[in-house]
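Protein chains: 2
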Amino acid sequence: MSETFDIIVLGGGPGGVAAAIRGVQQGASVAIIEKDKWGGLCLNRACIPTKLVCFAGDQLLGRAVEAGLGLASAGAGLDFNRLRGQKDELVSYLSLGTQGLLGSHGARLIAGQGKLVGKGQVAVGDKVYSAKKVILASGATWVKPQFKGGDLPGVVCPDELLSEKELPGRTLVLGGRAWGLEVAQFLASAGKEAVVVEAGKNLLPDEDRQIGQRLRGIVNQPPLSIQLRTEVTGLSRDKQGLKASLSGKGPAELVVDRVVYTERRPELKGLGLDKVGLSELKVDEGQRTKLDWLLAIGDLTGGTMLSHLATAQGIVAAENALGGQSRVNLRAVPRVTYTRPQVASVGLDEFQAKEAGYDVQVGVVPLGVNAMAMILGQSDGVIKVVGERRYGELLGVQIMGPGAAEMIGQAALAIQMEATLEELARTVMPHPTLSESISDAARAALGWAIFLPKQSGA
Amino acid sequence: MSETFDIIVLGGGPGGVAAAIRGVQQGASVAIIEKDKWGGLCLNRACIPTKLVCFAGDQLLGRAVEAGLGLASAGAGLDFNRLRGQKDELVSYLSLGTQGLLGSHGARLIAGQGKLVGKGQVAVGDKVYSAKKVILASGATWVKPQFKGGDLPGVVCPDELLSEKELPGRTLVLGGRAWGLEVAQFLASAGKEAVVVEAGKNLLPDEDRQIGQRLRGIVNQPPLSIQLRTEVTGLSRDKQGLKASLSGKGPAELVVDRVVYTERRPELKGLGLDKVGLSELKVDEGQRTKLDWLLAIGDLTGGTMLSHLATAQGIVAAENALGGQSRVNLRAVPRVTYTRPQVASVGLDEFQAKEAGYDVQVGVVPLGVNAMAMILGQSDGVIKVVGERRYGELLGVQIMGPGAAEMIGQAALAIQMEATLEELARTVMPHPTLSESISDAARAALGWAIFLPKQSGA
Numbered sequence: 001m002s003e004t005f006d007i008i009v010l011g012g013g014p015g016g017v018a019a020a021i022r023g024v025q026q027g028a029s030v031a032i033i034e035k036d037k038w039g040g041l042c043l044n045r046a047c048i049p050t051k052l053v054c055f056a057g058d059q060l061l062g063r064a065v066e067a068g069l070g071l072a073s074a075g076a077g078l079d080f081n082r083l084r085g086q087k088d089e090l091v092s093y094l095s096l097g098t099q100g101l102l103g104s105h106g107a108r109l110i111a112g113q114g115k116l117v118g119k120g121q122v123a124v125g126d127k128v129y130s131a132k133k134v135i136l137a138s139g140a141t142w143v144k145p146q147f148k149g150g151d152l153p154g155v156v157c158p159d160e161l162l163s164e165k166e167l168p169g170r171t172l173v174l175g176g177r178a179w180g181l182e183v184a185q186f187l188a189s190a191g192k193e194a195v196v197v198e199a200g201k202n203l204l205p206d207e208d209r210q211i212g213q214r215l216r217g218i219v220n221q222p223p224l225s226i227q228l229r230t231e232v233t234g235l236s237r238d239k240q241g242l243k244a245s246l247s248g249k250g251p252a253e254l255v256v257d258r259v260v261y262t263e264r265r266p267e268l269k270g271l272g273l274d275k276v277g278l279s280e281l282k283v284d285e286g287q288r289t290k291l292d293w294l295l296a297i298g299d300l301t302g303g304t305m306l307s308h309l310a311t312a313q314g315i316v317a318a319e320n321a322l323g324g325q326s327r328v329n330l331r332a333v334p335r336v337t338y339t340r341p342q343v344a345s346v347g348l349d350e351f352q353a354k355e356a357g358y359d360v361q362v363g364v365v366p367l368g369v370n371a372m373a374m375i376l377g378q379s380d381g382v383i384k385v386v387g388e389r390r391y392g393e394l395l396g397v398q399i400m401g402p403g404a405a406e407m408i409g410q411a412a413l414a415i416q417m418e419a420t421l422e423e424l425a426r427t428v429m430p431h432p433t434l435s436e437s438i439s440d441a442a443r444a445a446l447g448w449a450i451f452l453p454k455q456s457g458a
Numbered sequence: 001m002s003e004t005f006d007i008i009v010l011g012g013g014p015g016g017v018a019a020a021i022r023g024v025q026q027g028a029s030v031a032i033i034e035k036d037k038w039g040g041l042c043l044n045r046a047c048i049p050t051k052l053v054c055f056a057g058d059q060l061l062g063r064a065v066e067a068g069l070g071l072a073s074a075g076a077g078l079d080f081n082r083l084r085g086q087k088d089e090l091v092s093y094l095s096l097g098t099q100g101l102l103g104s105h106g107a108r109l110i111a112g113q114g115k116l117v118g119k120g121q122v123a124v125g126d127k128v129y130s131a132k133k134v135i136l137a138s139g140a141t142w143v144k145p146q147f148k149g150g151d152l153p154g155v156v157c158p159d160e161l162l163s164e165k166e167l168p169g170r171t172l173v174l175g176g177r178a179w180g181l182e183v184a185q186f187l188a189s190a191g192k193e194a195v196v197v198e199a200g201k202n203l204l205p206d207e208d209r210q211i212g213q214r215l216r217g218i219v220n221q222p223p224l225s226i227q228l229r230t231e232v233t234g235l236s237r238d239k240q241g242l243k244a245s246l247s248g249k250g251p252a253e254l255v256v257d258r259v260v261y262t263e264r265r266p267e268l269k270g271l272g273l274d275k276v277g278l279s280e281l282k283v284d285e286g287q288r289t290k291l292d293w294l295l296a297i298g299d300l301t302g303g304t305m306l307s308h309l310a311t312a313q314g315i316v317a318a319e320n321a322l323g324g325q326s327r328v329n330l331r332a333v334p335r336v337t338y339t340r341p342q343v344a345s346v347g348l349d350e351f352q353a354k355e356a357g358y359d360v361q362v363g364v365v366p367l368g369v370n371a372m373a374m375i376l377g378q379s380d381g382v383i384k385v386v387g388e389r390r391y392g393e394l395l396g397v398q399i400m401g402p403g404a405a406e407m408i409g410q411a412a413l414a415i416q417m418e419a420t421l422e423e424l425a426r427t428v429m430p431h432p433t434l435s436e437s438i439s440d441a442a443r444a445a446l447g448w449a450i451f452l453p454k455q456s457g458a
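As given, the protein sequences belong to chains A and B, one line each in that order.
Last residue of the first sequence: 458 (the working numbering), numbering continuous.
Last residue of the second sequence: 458 (the working numbering), numbering continuous.
Same shape as in the complex, but just chain A (with noise of 0.2 Å):
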């Protein structure tokens, strides 16, 4: 006989994690399978290491700062073997403790590769459990580069690079979105080179291309450069080290000590999809697939991938298989890049709300204007904020600045609650900040900026 639950979810990263205890929150019983660590990818392997690396190279690039305002300067000397220490412990502590939160929650964990066998059931070695519903939440890993000796030595993703003993002197990093320029810009900030090519024409592809552009005039200075409409056409390895070959208008060829990939791909091989009548995992707004017993989340259902939106997908997903009618409003969610300055947006920009036929309405607040700017010595950024002129509903907020990560969450509320413009600019936010620019940025979109200099036309 086997175990039965009323819920089973497989895979334990964060939209596990989350879809497992809202189903015992709601009276369920919930196993949930993980074959490595409990956190899954985002923890172990992407998020947190990355962003622990990302502040510590914000730090370090701050020093310049620091020093204009008298502040005793050390330069920009790392320990990285003592980073790296930090890292791992980080990394450990978080998770034990998310073993430790699912354990307190009451689901069953269960250590292992599971893989569906049959309408509501999954085995784990030669186990099989039994479930009225499986979640599907296994996540993407990193995929190794397709061009000539993508597969050599020396080729690692993000986390194999942060988990080497020193960091290489000169390193090629593939792609210009937000894991390619966090890991090289953290190189850099350690005075270690790094080149990014990205094969589009500018970088942060899917976001905002002024912004793109403008981050490129800020991050693309030594030891740091990039090159945009540029691809590895392959790779080999001689005394020097590892020899790429460009495409490109940049050198055709460039000899580094490591090529880091960024790129992710959904984990379904060996889901057993193929033992409960699936050619592909196709989801709905409710994360429901075609089986009445079976839903998906999270990286495993392609698409964007972001760990919060598999952890709000998770959450959808146990209130739905347990009868809810729950969904993910996909606009409302926000994308965030950790470089200095960050980069964070949700919603649609000015080039992509037009293209949907809008009657747009954009307003823009460069950071020069701003006091919290100045006084953080990080004035390049920028606010934009777009709505629409019929109903004045807001669009999309993209800013560019220190601290974009945590200003993106008004913005999301924003959008997640169809605020219209109007309210944006009444919104007081406190003297002095940063926030102050978001809602200027509405007031200016609606011709009223206050913070800016009289507007052409206004």
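Worth flagging that the hints you see were computed from the coordinates, not collected in a lab.
Just so we're clear, the structure is a prediction, and the values are computed from it rather than from any experiment.
In this list, chains with the same sequence are indistinguishable; a pair is considered to hold if it fits within one copy or across any two.
Think about it this way: if two alpha-carbon atoms lie no more than 20 Å apart in a straight line, the pair counts; the simulated SDA-like pairs of lysine to any residue are:
| no. | residue 1 | residue 2 |
| --- | --- | --- |
| 1 | Lys454 | Arg108 |
| 2 | Lys35 | Leu96 |
| 3 | Lys454 | Gly106 |
| 4 | Lys454 | Leu109 |
| 5 | Lys454 | Gln26 |
| 6 | Lys269 | Val128 |
| 7 | Lys37 | Asp159 |
| 8 | Lys282 | Leu268 |
We have chain A already, so just place chain B on it with the hints.
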């Protein structure tokens, strides 16, 4: 013949500047009068200079965290001469910028001390200007302590302290509210001794008392010390310095180099209220006085003195001066203390909400469970969300933690928009951020926090 305007604004601080620009934006002719520097007390003598040194202090106090991450550390050395120079430069730049901003919008700038001399008439020196509406915005000024010896040399306001050649070795700071704590912690961050005396039984007596207590536990470390339920009863000067007599259970006497006072009083003197038949200055929620041509805003109107409140009132006053029906929602106005960690709040705390008769639901998330707080090395903060049970309406949010000043913007917007706990609970915050704990605190209030161990009784 006197020059005539639609609106005269008396005072060039944050409130007056916003009023003048908002007036011009609606097509009015506007004059604005300032007796000292453009930008007023906030920009020149309060918010901006103190927040710059708070940032410097925060960085100094963060050196221990940096060292733990393997970053080369230079200790807590501070070249105050250089910091003061940066402060003076920043303040001058912003003041000039404010002047330029007003000019670009087409306001008429008048330098001098303005005084009401009749209905719609303001005298500056021997000139008299007329307007259909006058908006009083002359703000507040630091007020010397009333005890004996309160006018001795060495008894200074925060901006006087920060304009001296050197930081004093030992300072007595009067008052455990934002200004006092900010100044004291900055001094301590630079290795100088600071003693804060507060008459109340908690730090930040206007804030949630649990947060005040928790903050005390963090900041009350040498060379900073805090004495609650304590007041200065008198002051004298001898060879050793300023000798303060103290009430309370601590030492009865304290010898210091400087005493810093941190209270402000509305600048009513010399306004000429008596000339227009007013014995006191009272405003309604639209900033109107009982005279149909006279409005007043900001610190001048007493109550909680906050520059961003003044700004909001300035906008409202300019709109109402021109026939509008605007008002500021006082419950949605945030408050911030720029210590390390920062404290920020908006709306009612749980004790105020209970006193107001609400059936209260409170969610508390200690930042010890927040991954970003751990990354930042500041996990001793807390987030509290307060709602009422009947409609689930959000009543207030209190945050103690790094970046609270920016995060409170979310809560201000939520209260402005009359959000429910459920709406806040469902907002997707990016991971990893501190903001995630705002959503989870809302869920905790509703009994279903995801990232807290199982709640008893939930």
